[in-house]
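Each protein sequence line maps, in turn, to chains S and L. FYI, in the numbering used here the residues of the first sequence are 51 to 397. FYI, in the numbering used here the residues of the second sequence are 553 to 732.
Since the hints were made in silico from the structure, they are not lab data. Keep in mind that a hint or two might mislead.
[To be verified] DSSO-like cross-link-like pairs, simulated, lysine-lysine; straight-line CA separation at most 27 Å:
| id | chain 1 | residue 1 | chain 2 | residue 2 |
| --- | --- | --- | --- | --- |
| 1 | S | K114 | S | K76 |
| 2 | S | K78 | S | K109 |
| 3 | S | K255 | L | K597 |
| 4 | L | K610 | L | K597 |
| 5 | L | K645 | S | K233 |
| 6 | S | K233 | S | K255 |
| 7 | L | K613 | L | K645 |
| 8 | L | K721 | L | K597 |
| 9 | L | K613 | S | K364 |
| 10 | S | K76 | S | K109 |
| 11 | S | K255 | S | K55 |
| 12 | S | K78 | S | K55 |
| 13 | S | K364 | S | K233 |
| 14 | L | K645 | S | K364 |
| 15 | L | K722 | L | K645 |
| 16 | S | K63 | S | K255 |
| 17 | L | K597 | L | K645 |
| 18 | S | K63 | L | K722 |
| 19 | L | K645 | S | K63 |
| 20 | S | K233 | L | K721 |
| 21 | S | K364 | L | K722 |
| 22 | S | K55 | S | K79 |
| 23 | S | K109 | S | K63 |
| 24 | L | K597 | S | K364 |
| 25 | L | K722 | L | K613 |
Quantities reported herein were computed from a predicted structural model and do not represent experimental measurements.
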Amino acid sequence: MTNHKTVRISKGKYGWGGPLELTPTKEKKYVISVTGGGIHPVAERIAKLSGAEVVDAFKNPVDKDETLVAVIDCGGTARCGTYPRLRIPTVNIKTMSPSGPLAKFMTEDIFVSGTTVNDIESVDGETAAEVTKSDETAERKEAETEQSEETVVTASEQTENSSANNGNGKKKGIMGLIDTVAKVAGNFINILYQAGRDTIDTIIKNIIPFMAFVAALIGIINYTGIGEILANVFVPLANNIGGLLILGVITALPFLSPLLAPGAVIGAIIGTLVGNEIANGNINMSIALPALFAINAQVGTDFIPVGLTLGEAKPETISVGAPAILFSRVITGPLAVVIAYFMSFLL
Amino acid sequence: MDFMITVADGFIGMFEAGAEVFMGYMTGIIPLLVTLITAVNALTKMIGEERINRFLQKITKYALLRYTLVPFIAVFFFTNPMCYTVGRFMPEKYKPAFYDSAVSFVHPITGLFPHANSAELFIWLGVATGYTAAGGSQSHLGLMFLLTGLLVILMRGLVTERISAYMFKKQGYENILDEK
């Protein structure tokens, strides 16, 4: 069992942190599974690829100095901070980003989350032995998708040489059922909890700052009377379909639109001004829908090369696509206002 | 002294007016956004990316869906800017038109589904808060914004598809046009 290899453990989809590269040594030779209900497949896979030993930490606690890596399934905030605080590399199979009282210990060099069996790979060069191993792994992966009790038994059999003392993982019968129900419920709650965390994050980072700036702007405009001046300039343009068409043409001009588009800031400011005048009764309510399109004919024109690259477009496609979209907007910008004008009769 | 007091009152008053607007946002809009975005975030995670990709791959070949349902699903589930990655499921010649269509939908969708482009909500919110203040129904306007948006992106996709086909041809990239 001196056949120690380096493994790379990456974050899963929606996960956070990592990747971790770990090599077992004589002192640090245990992968501990702190997941309840037996040894987790992720822990097994790490042990298998690295040549370390895997143990169930609930049954056989291992000294922290002997621990290579801890595999946990903590969707909360307590357990997942404990191991990072001890500077033990930690793999959380649940999807989460650092939070809770121990968040500051969960750094990218020591914490990775959302990891699945597929996110673990061997770093060492390909040898004949390893090819066989990956064949085996492929088979195991197939078996694992079934998630049956059998799988776990087979999996433990495969690693029995590396872990003599962890017993046969999975509980049977009614305890097993309770375990499964608890895991499904835990998973469900974890998804909701993480969704909430993401939401608050985006509200604090993206939405509230914009509200602060818009609120200050509206406050100043309304209080100082600048609003009335703006209204005098603006209302004739924005209060009838002809004016909106002109606005739609202006925002769609090929040389102007990429300058107006970034971050949708200019559209947002004009939109707020229009909204403000609708609220004050200077602009007719029925104009709201066409106005939404007239102020936004430039949308995304600054982002064309990036957007097309995200769609894996070839360089030739991008070189043709960018001018094609800009020219198309000259037609479709004002046309969108006309469509919206007719749709507004349904409001 | 009186003059300075007037100035000070005006100065503070200006920001009190702003504070009132801000408070309106915080109590009126934020709570709705919190619950709505959380629910949709959870839903997209439960459905999973692979399943959505598989579905999208099947329907991109129909022009009508390519510029309506495909951008809708892409923007709804992958949000701005990851929604443009869906372009990889179609031949090169449709990519500019698809991008044009998808990017034109990232604001119309925010009327009902603000999670899809939460960093750029104010294109919609700026007009919508005024509309509500004047006595209109925000959800009604949001629905119309979304439906009109679908019509507009279909029109925009078809127009851009024609224009880019013409330009591919003119610049001698016939190989791209022939690609299926």
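These are the hints, each one checked on the structure:
Between the alpha carbons of S:K114 and S:K76 the distance comes to roughly 14 Å, so the proposed pair stays at or under 27 Å and holds. Proximity of S:K78 to S:K109 is assessed by CA-CA distance (about 19 Å); at most 27 Å being required, the pair is judged to hold. Between S:K255 and L:K597, the direct Cα distance comes to roughly 21 Å. Compliance with the 27 Å bound is thereby established for this hinted pair. Taking the CA atoms of L:K610 and L:K597, the gap is about 21 Å. The hint holds against a cut of 27 Å.
Distance hint between L:K645 and S:K233 is unfulfilled; the C-alpha atoms sit about 47 Å from each other, more than 27 Å. With a CA separation close to 32 Å, the supplied pair S:K233 and S:K255 exceeds the 27 Å bound. Of the supplied pair hints, the one linking L:K613 and L:K645 holds, its CA atoms being roughly 12 Å apart against a limit of 27 Å. A threshold of 27 Å between alpha carbons decides the hint, and for L:K721 with L:K597 the separation of about 42 Å lies outside it, so the pair is violated.
Taking the CA atoms of L:K613 and S:K364, the gap is about 19 Å. The hint holds against a cut of 27 Å. Straight-line distance between C-alpha atoms of S:K76 and S:K109 comes to about 22 Å, which keeps the hinted pair within the 27 Å bound. For the hint pairing S:K255 with S:K55, the CA-to-CA distance comes to about 41 Å; that exceeds 27 Å, so the pair is violated. Under the criterion of a C-alpha separation no larger than 27 Å, the hint pairing S:K78 with S:K55 is consistent with the structure, at around 13 Å.
Between S:K364 and S:K233 the CA atoms are separated by roughly 45 Å; this puts the pair beyond 27 Å, and the hint is violated. Of the supplied pair hints, the one linking L:K645 and S:K364 holds, its CA atoms being roughly 10 Å apart against a limit of 27 Å. A threshold of 27 Å between alpha carbons decides the hint, and for L:K722 with L:K645 the separation of about 13 Å falls inside it, so the pair holds. Between the alpha carbons of S:K63 and S:K255 the distance comes to roughly 22 Å, so the proposed pair stays at or under 27 Å and holds.
Distance hint between L:K597 and L:K645 is unfulfilled; the C-alpha atoms sit about 32 Å from each other, more than 27 Å. The hinted pair formed by S:K63 and L:K722 fails the criterion: a straight-line CA distance of about 42 Å is larger than 27 Å. Using a Cα cut-off of 27 Å, the hinted pair L:K645 and S:K63 is violated, with the two alpha carbons roughly 30 Å apart. Straight-line distance between C-alpha atoms of S:K233 and L:K721 comes to about 57 Å, which puts the hinted pair past the 27 Å bound.
At most 27 Å may separate the alpha-carbon atoms for a hinted pair to count; S:K364 and L:K722 meet this at roughly 17 Å. At most 27 Å may separate the alpha-carbon atoms for a hinted pair to count; S:K55 and S:K79 meet this at roughly 11 Å. A distance of roughly 30 Å separates the Cα atoms of S:K109 and S:K63; the hinted pair therefore is violated under the 27 Å criterion. Distance hint between L:K597 and S:K364 is unfulfilled; the C-alpha atoms sit about 31 Å from each other, more than 27 Å.
Between L:K722 and L:K613, the direct Cα distance comes to roughly 24 Å. Compliance with the 27 Å bound is thereby established for this hinted pair.
Checked against the numbered hints above, the structure breaks hints 5, 6, 8, 11, 13, 17, 18, 19, 20, 23 and 24 and satisfies the rest.
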